[in-house]
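Given only the sequences and the hints, what does the whole structure look like? Please build it.
Protein chains in written order, with the numbering used here: chain A, 9 to 217; chain B, 1031 to 1589.
No wet-lab data here; the hints were simulated from the structure.
Since the model is a prediction, treat every value here as computed from it, not as a measurement.
Glycine included, every Cβ here is placed at the ideal spot set by N, Cα and C.
Don't take every hint at face value.
To be verified - To be clear about the criterion: a stretch of chain B counts as covered by chain A if any three or more of its residues have a C-beta under 8 Å from a C-beta of chain A, and this derived list gives those stretches:
id, stretch
1, 1100 to 1114
2, 1195 to 1201
3, 1238 to 1245
4, 1271 to 1280
5, 1379 to 1390
6, 1476 to 1483
Stated by the list, open to error - Just some of the chain A residues that point at chain B, by a computed CB distance under 8 Å:
id, residue
7, G47
8, G68
9, N112
10, P144
11, F198
Here are the chains, one letter per residue:
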Amino acid sequence: MNNPVQTSSTSTPHAEAGNARVSVGIALRASLVFIVLCGVLYPLVTTGAAQLLMPKQAGGSLITDESGKVVGSELIGQNFTDPQFFHGRVSSIEYNAAGSGSNNYAPSNPEMIDRTKASIEAWKENNPDVPVSELPMDLVTNSGSGLDPHISPQAADIQIPRISKLTEIPEAELQQLVKKHTEGRDLGVFGEPRVNVLKLNLALRELLS
Amino acid sequence: MGIIQIAIVILVLLLLVKPLGTYLYQVFRNEDNRTDKWFSWAEKPIFALIGLKDRKGMTWKGYALSFVITNIILVASGYLILRLQKVLPFNPNGIDNMESTLSFNTIISFMTNTNLQHYSGESGLSYFAQMAVITMMMFTSAATGLCVAIAFIRAVTSKGTTVGNFFEDFVKAHIRVFIPAAFIIAMVLVALQVPQTLKPALSVTTMEGSEQQIAVGPVAALESIKHLGTNGGGYMGVNSSHPFENPSPLTNVIEILCMWSLGAALPYTFGLFAKSRKQGWIIFSVMMTLFIGFLSLNYAAESNGNPALNRLGIDASQGSMEGKEVRFGIAQSSLFTTVTTAATTGSVNNMHDTLTPLGGITPLSLMMLNSVFGGKGVGLMNMLMYAILAVFLAGLMVGRTPEFLGRKIEAREMKLIAIVILVHPFIILAPTALALMTDAGQAGITNAGFHGISQVLYEYTSSAANNGSGFEGLADNTLFWNITTGLVMLFGRYISMIALLAVGGSLMRKQWVPETLGTFRTDNKLFAGILLAVVLIIGALTFLPVLVLGPIAEHLTIR
Chain A
9 MNNPVQTSST
19 STPHAEAGNA
29 RVSVGIALRA
39 SLVFIVLCGV
49 LYPLVTTGAA
59 QLLMPKQAGG
69 SLITDESGKV
79 VGSELIGQNF
89 TDPQFFHGRV
99 SSIEYNAAGS
109 GSNNYAPSNP
119 EMIDRTKASI
129 EAWKENNPDV
139 PVSELPMDLV
149 TNSGSGLDPH
159 ISPQAADIQI
169 PRISKLTEIP
179 EAELQQLVKK
189 HTEGRDLGVF
199 GEPRVNVLKL
209 NLALRELLS
Chain B
1031 MGIIQIAIVI
1041 LVLLLLVKPL
1051 GTYLYQVFRN
1061 EDNRTDKWFS
1071 WAEKPIFALI
1081 GLKDRKGMTW
1091 KGYALSFVIT
1101 NIILVASGYL
1111 ILRLQKVLPF
1121 NPNGIDNMES
1131 TLSFNTIISF
1141 MTNTNLQHYS
1151 GESGLSYFAQ
1161 MAVITMMMFT
1171 SAATGLCVAI
1181 AFIRAVTSKG
1191 TTVGNFFEDF
1201 VKAHIRVFIP
1211 AAFIIAMVLV
1221 ALQVPQTLKP
1231 ALSVTTMEGS
1241 EQQIAVGPVA
1251 ALESIKHLGT
1261 NGGGYMGVNS
1271 SHPFENPSPL
1281 TNVIEILCMW
1291 SLGAALPYTF
1301 GLFAKSRKQG
1311 WIIFSVMMTL
1321 FIGFLSLNYA
1331 AESNGNPALN
1341 RLGIDASQGS
1351 MEGKEVRFGI
1361 AQSSLFTTVT
1371 TAATTGSVNN
1381 MHDTLTPLGG
1391 ITPLSLMMLN
1401 SVFGGKGVGL
1411 MNMLMYAILA
1421 VFLAGLMVGR
1431 TPEFLGRKIE
1441 AREMKLIAIV
1451 ILVHPFIILA
1461 PTALALMTDA
1471 GQAGITNAGF
1481 HGISQVLYEY
1491 TSSAANNGSG
1501 FEGLADNTLF
1511 WNITTGLVML
1521 FGRYISMIAL
1531 LAVGGSLMRK
1541 QWVPETLGTF
1551 RTDNKLFAGI
1561 LLAVVLIIGA
1571 LTFLPVLVLG
1581 PIAEHLTIR
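Listed below in structure tokens is the structure:
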């Protein structure tokens, strides 16, 4: 750039046109090269390397039940309606992972406020032993993805009295189970402590059988 | 714990600025250095393939022409692939061709580094289109932005007539920066459970016995460049809140640093080119001050929660969790939202439509200012434009000709800068008004009342700032929204880039003015204060009224 032999700044229109002609040819070839390099080679090489080195993670982190049958992905939440199981968060798409999403309710949207009120009423009915003031926000709100596999440890704990009553597993044992399945913050600091509902319920089912 | 984890991420970023900024300087300074040894073996065949024999420097016009032509060719090829994806290979899920106005919107969106998405990745694109169009454009648009920013830096910091050779810069940006970094980050993400496969969607029987479809795909390869290139378009519909795109708080931190670090390092690179690292740090500190201010607003608002839900009598101590993931909580969501709109990435790990009204002001304002870190280069260019404006205003106040980096700022530069400053609000506010006045525009609104104004405003702000995030409740896959946002993205990207290159070209032809005692210094705290005030005052004068109509009015109705 500090090269003293440079074209003068008052380039003629003719020279500019020549500049443009050269540009199109090079631009065309450069575009093709990078479509192949970034759009085909890069993703395929990455796929190959990932499948070779880490097939389980690259395949979607599938998990199996005690009999070895695939029951889902440990990263993707499932819909639980059976009161014997721990329930996850509200999902407007009912955990159908063919897509993803939520209602995108504004904080002032009356439909969201009605939905939350309905969740609270349902909670009162199914969990008469636990006061509503202990019900944490995550259990009555829709996650962003509609596929959130986690609930907060508090959200798991307050479901214990209901499940204990229905399954006759002592509360202490269930508390132990929740504790065992509580994941701490990443590296001890990032994110929030959480419980994977699918894994917890798989363990619960094992306990029941 | 929330504030500590945010502070740690910011600290790591600060540690990355110097090495990354130095690396970028080495890559683009066009003098022999170590990075040649590492990469020239890969670049030589590419230079031969594209027929770049001599790497002569270009004038700003030649540079602008080259990047525009290259982008036009990429747009044309990408459009064809989207329209023909049904019959092209790698389509195991049998996805149909994309409709024409949606294809127009999508292709403009990705070429302009915006990544506004009016489709859902799981059902709208074949694996081939995800790779050869989406992933490809994530590289090429990021490289284009970085090259133009480097050209602008060269123009304002050196003399002569050439700003560098676009094609040489373009190849280097890919080979020395984006491709190796994207590959390494993709492998790290796979190790942390982000899928990377060409198998079709999975079908499993859940614990309760119903059938569950699970969309997978080559996600990790896209995820890494999506953030490194500050693109932001998700593989899945819900972007980085999807557990496959962002499985854990750790991947969340990695994605935040990926989208933030290159943009944050550019002021340092600028300082090295300007032979005044202090100048670079002054620019950086103004950006960081604005960033922390807006981050605090969002974090406080989201931690306090949604007043409308808080009064229902449940335990509201978690804050506003509607639209957020448990693994991220408020701190990781808030930081992500602030970084993604500061860095003009536009990926989201929580739904911005569900943010509390005051929390929603943060992403809106950062996109309106469009100069806090910014994406690949554009943020720095805009901030330098404000810097020139600041010296101009300061010069007027004391009655002398303003100078920036030893060059006189005169009428031609100020006219071009006035265009850039006016275009941004114009392409946000005019279409917002149009959408609110017409039935076709109003049809998209899904949250009634004042929030509806915010939804429309957000969509155009995001398009104009080439961010790409959305208040996603907006029903935007219609002729009206596809065309209007497509045009806004186009103008938002190219008008400012070309006008600022012209400013650079005009500055570099001027005589250097020797520095004297009377020179107004631009590398001290006083200037940082003036710059901060200029950015805030211009932003507030332009956008405060519409913010009052949208989020602030909504806040007053639910508090």
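Which numbered hints fail: none
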